[in-house]
Structures are given as C-alpha cells and as structure tokens.
Amino acid sequence: MRTIDVAEITENIKEMCIEANHFLTSDMDAAMKNAVDTEKAPLGKQILCQLQDNLKIAGEDMIPICQDTGMAVIFMEIGQDVHFTGGVLEEAINEGVRRGYVDGYLRKSVVKDPLIRENTKDNTPAIIHYEMVPGDKVKITVAPKGFGSENMSRVFMLKPADGIEGVKNAVMTAVKDAGPNACPPMVVGVGIGGTFEKCALMAKKALTRPVNEHSDIPYVKELEEELLEKINKTGIGPGGLGGTTTALAVNINTYPTHIAGLPVGINICCHVNRHAVRVI
Amino acid sequence: MMKGTGKKMDQHIKAPMTQEDAKKLRSGDYVYITGTIYTARDAAHKRMYEALEKGEALPLDMKNNIIYYMGPSPAREGRPIGSAGPTTASRMDKYAPSLLDLGLIGMIGKGKRSDAVKEAIIRNGAVYFAAVGGAGALLSKSIKASEVIAYDDLGTEAIRKLEVEDFPVIVVIDSEGNNLYETAIEEYKTL
Chain A
28 MRTIDVAEIT
38 ENIKEMCIEA
48 NHFLTSDMDA
58 AMKNAVDTEK
68 APLGKQILCQ
78 LQDNLKIAGE
88 DMIPICQDTG
98 MAVIFMEIGQ
108 DVHFTGGVLE
118 EAINEGVRRG
128 YVDGYLRKSV
138 VKDPLIRENT
148 KDNTPAIIHY
158 EMVPGDKVKI
168 TVAPKGFGSE
178 NMSRVFMLKP
188 ADGIEGVKNA
198 VMTAVKDAGP
208 NACPPMVVGV
218 GIGGTFEKCA
228 LMAKKALTRP
238 VNEHSDIPYV
248 KELEEELLEK
258 INKTGIGPGG
268 LGGTTTALAV
278 NINTYPTHIA
288 GLPVGINICC
298 HVNRHAVRVI
Chain B
247 MMKGTGKKMD
257 QHIKAPMTQE
267 DAKKLRSGDY
277 VYITGTIYTA
287 RDAAHKRMYE
297 ALEKGEALPL
307 DMKNNIIYYM
317 GPSPAREGRP
327 IGSAGPTTAS
337 RMDKYAPSLL
347 DLGLIGMIGK
357 GKRSDAVKEA
367 IIRNGAVYFA
377 AVGGAGALLS
387 KSIKASEVIA
397 YDDLGTEAIR
407 KLEVEDFPVI
417 VVIDSEGNNL
427 YETAIEEYKT
437 L
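Residue numbers (our numbering), protein chains in the order written: chain A, 28 to 307; chain B, 247 to 437.
Excised from the complex, chain A in its bound form (with noise of 0.2 Å):
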C-alpha cells in the first residue's frame, strides 16, 4: 500500500493543465513540422507556416495556442495498491484544474447548466474519467478538449453486416461533415466496439495515443493507415482551406462487443491536440 496526499494531486494537475496549453506533446510537434514540407496547396502550406510561428509565440511568450482552453479531460489510472489521504480525490482534482485555469490565463469555457448556461468561471468541473489498474503509481493525463472539433465528433450504432466498409464509411462521413470547422489538420480518434458510451471513450482516449504509433493490432494497424491516406486526399487541407493535409493521424482503439452490434464512436480533434502526462 502507498499513500498519496491529494494535494499532490492537485499541483500536478494545475502544472499540467498549464503546460497542455501551450506546449504540444514531442510527437504532435514532429507532425506539425512535418506537414510544412509535405503539404501540395500554397495557401494550405502558408497556413502550416503561420501555426509553426503560432507554436512558437505560444510556448515563448506564455499565451495559450488557442484561445478555447477547452474543457479538462482527465483519465486517472489509478494502482489498486494507492491509498489517497488529506481529502477527497474528485475534490483535489477539480482543484488542480481551478488554480490552472484561474493562475494560468486560461479562458474559463464551462457553463453551469447546459440550457442555463451561467459560466462557472473558474472552468470546473473537469470531465473524469478512472480506471483501476495494477501496481502504486497514479497515472494521470491531462487532455483540455476545445468544442470547435468536439462539437463535430459523431457516434455510429453499426449493424454487425455493415463490417469494416461500414467503419470506414463511418470515418469519413464525420471528417468530411466536419471540413473546415474542426480546425484541420485534425486528428481522429476512433473507438471501435464495446457498447454506445465504451466506443466514445475509447475514441476519446485514442487521441491521447502519439501520432506517430499504429494499433498493436495488424488489421487495425493497416486501417489506420488507410483512412488517413483516404482523408488526406479529401482536399479539405489545412483550415479547410484545400489541400493535402487534412488530417496528422487516425488513432482506432477497439474492444469485444454484443452479437448484435458495431458502435463506432469518432472524436475529432483540431491540430491543437493536447495532453500532458505524468506518472506519479
């Protein structure tokens, strides 16, 4: 058994969420880069430039890449082996993302109320995702989740005989509805399986997996592959401008489903894919 205080928990997460707006993670950097020398259209290519100069304003003079500072996300994978002392863990958390939001000058998006709409001004409460897992460590990721690009993710209840041209039609019926809003070059998370709420979460989770890692899975792998091949030649390029780039990556996670369905869930991401993690 090990105990963390989870005032522990709290500075980590105001840090991260600092952090996850101004800085994007190495592989999301790399793929950025990347796109400048691959991209065909002039203005899609001058468009890849001014994020390039955005990156670096952002990282030198402390000012959030984008201004939607988006909603906290947080997958806490837990040890069972963890004992938390000093208050409670949900408490300690949204605590964490409150002092980031408020001491970082991060936009404060979150309304109360869905059809009130009063804003909570601190951007509490941040969206919660646990998991027990093995072991005495906390894993924790930050993933603050802008709504130009969430706004346009879609869930599929699939027929079991739709099969994998279902998936693919899927896919690329949400990226093509989702053109210029999401803010491409995007990056789409997919979820495969499970149930209506396990395909969305996995496809939640799926962008948190670096861009520049395939599926372990050798079909789900070459899916991957494909789909963004396919995306990337639907001319909508970067800010939907045309173009070659449309997409950095397509992240499919899959799980065992019922005998009568296929649920595919689809987040989009903006080129602002954002996490930071950390291992306590």
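None of these hints come from the bench; they were simulated from the model. You may find that some hints are simply not true.
Within a straight-line C-alpha distance of at most 25 Å, the following computed SDA-like cross-link-like pairs (lysine to any residue) qualify [as the list claims (entries may be wrong)]:
hint	chain 1	residue 1	chain 2	residue 2
1	B	K390	A	E87
2	A	K257	A	T200
3	B	K292	A	F174
4	B	K407	A	I84
5	A	K195	B	E433
6	A	K166	A	K257
7	B	K407	A	E145
8	B	K390	A	I84
9	B	K340	B	A362
10	A	K148	B	L400
11	A	K67	B	R325
12	B	K300	B	L348
13	A	K135	B	K300
14	A	K67	B	R272
15	B	K270	B	E422
16	A	K139	B	Q257
17	A	K166	A	D56
18	A	K232	A	A119
19	B	K435	A	G193
20	A	K139	B	E422
21	B	K300	A	I143
22	A	K203	B	T436
23	B	K292	A	K67
24	A	K195	A	E87
25	A	K83	B	R325
26	A	K83	B	P326
27	A	K135	B	P305
Just so you have them, the derived chain B footprint on chain A, three or more residues with Cβ under 8 Å [what the hints assert, rightly or not]:
hint	segment
28	67-80
29	89-99
30	121-135
31	142-148
32	267-278
33	296-305
Note that CB positions come from ideal geometry on N, CA and C, so glycine has one too.
Starting from the known structure of chain A, fit chain B onto it as the hints suggest.
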C-alpha cells in the same frame, strides 16, 4: 499568395468598411484588416437577437462594422488580450442574417455558413472572412487594444471593441456568394 490561381490578391482594408470596399473583395483574397472591429460569439448574439425581438437598441451600430466571432483567453499583465483566434461561425448562423440586414458588413470566423447566411451576404453586399483556427497566439499579436463595451457579465463572451493592425484573414464568401470552402477543396480532391 495563391500561386496558380492568378486572380487572388493580397488586400489591405480599413475597418469599419464601406459596402463599396466590401464588393471589391473576392473569395480567396488574403486580406489584412486595420482599424476597429468588434467581438461577439454565442451568448452575445443570443442577447442581441432577443433585444431586436423586443424592439430594443443594440449595444453597437451594425452599419459598416465587422464582427469577429471570438472569445479570448485572459490577458496577462501589460498585454491587450490573451489568445484570440476565431470560433466556429455556424453557431451564429441563426442570428447573422438579422445583423447583416442592419448593415453588418463583415464577419470573421471559421467554418461553414448556412444558405440563409450566404443569401444575406449577397443581399447586403457583405463578406465572410476566415481567420486561421487554432492560431490564437499569433492572431493576438495583431490586436493592439481591447475594451469590453457591452455584456460584461458574459466574461469571455462579452462584446469587445478591438483595435487591430494588419489582422490577417482570408475571404471565404464574397459579396457575390462565391465560397472558397467549396472551390478550394475541389482543387485538391483526389478521391
């Protein structure tokens, strides 16, 4: 700028902008805006729309003005504004035609517009510009001053008056209804 298409041009315009100037802009033109523009996004549009329905005055005169669909992140000390990129324009589609009919000459955002907005753009000789989505840090450098002029209680969604200098945008829908999102994609589509 847009090599291969020839007719697209770099333009420098002043804001507010006359209809005569708006009509000179063409879909695909790269435009640098200098002058005064205003921010408004979802909540401010809803309030303005409700004010119009009740026959009340709007907090700003629409005539010849440009609205930037943007809600900034907070400014650090000594800076006029925080990160300041465009938000998705389609969420304002319900409200935009009424404002265009009152003389709104330009809108800056990102993403697709409805047919009703396109028709209102043509009807009023207005323009829809896109700024690069997700470039909020870079775009903030073209904003020299910012002041909340209405709906302060809305926080980031308040209406702000911005002084901008060479603020970079691209004409997506021009006063004749040409739409760059449709034409540019066709050029690079290989499916």
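(request) Would you check the hint for A/K135 and B/K300, treating anything up to 25 Å between C-alpha atoms as holding? (result) 30 Å, violated
(message) Next pair to validate is A/K232 with A/A119; report whether the Cα-Cα distance is within 25 Å.
(response) 22 Å, holds
(request) With a cut-off of 25 Å on the C-alpha distance, tell me whether A/K148 and B/L400 pass. (result) 10 Å, holds
(message) Holds or violated: B/K300 and B/L348, Cα atoms, limit 25 Å.
(response) It holds: about 15 Å lies between the C-alpha atoms, which stays within 25 Å.
(message) Would the hint linking A/K139 and B/Q257 be met if the CA-CA limit is 25 Å?
(response) 43 Å, violated
(request) Please count how many residues of the segment 121-135 of chain A have a CB within 8 Å of a CB from chain B and say whether that reaches 3. (result) holds (count 4)
(request) Quickly compare the C-alpha distance for B/K292 and A/F174 to 25 Å and report which way the hint goes. (result) With Cα atoms ~19 Å apart, B/K292 and A/F174 stay inside 25 Å; holds.
(request) Take the C-alpha atoms of B/K270 and B/E422, compute the straight-line distance between them, and say whether it is at most 25 Å. (result) 10 Å, holds
(message) Just to be careful, I want the Cα atoms of B/K300 and A/I143 compared with a cutoff of 25 Å; is the pair within it?
(response) Distance of about 20 Å is within 25 Å: holds.
(request) Take the segment 142-148 of chain A, compare each residue's beta carbon with every beta carbon of chain B, and decide whether three or more fall closer than 8 Å. (result) Answer holds; 3 residues pass the 8 Å Cβ test.
(message) Check the hint pairing B/K340 with B/A362 against an upper bound of 25 Å on the C-alpha distance.
(response) The given pair, whose Cα atoms are some 9 Å apart, holds under the 25 Å limit.
(request) Decide if the proposed pair is consistent with the structure: B/K407 and A/E145, CA atoms, cutoff 25 Å inclusive. (result) Holds, at about 23 Å.
Violation of the numbered hints given earlier is confined to hints 6, 11, 13, 16, 20, 23, 24; the remaining hints are satisfied by the structure.
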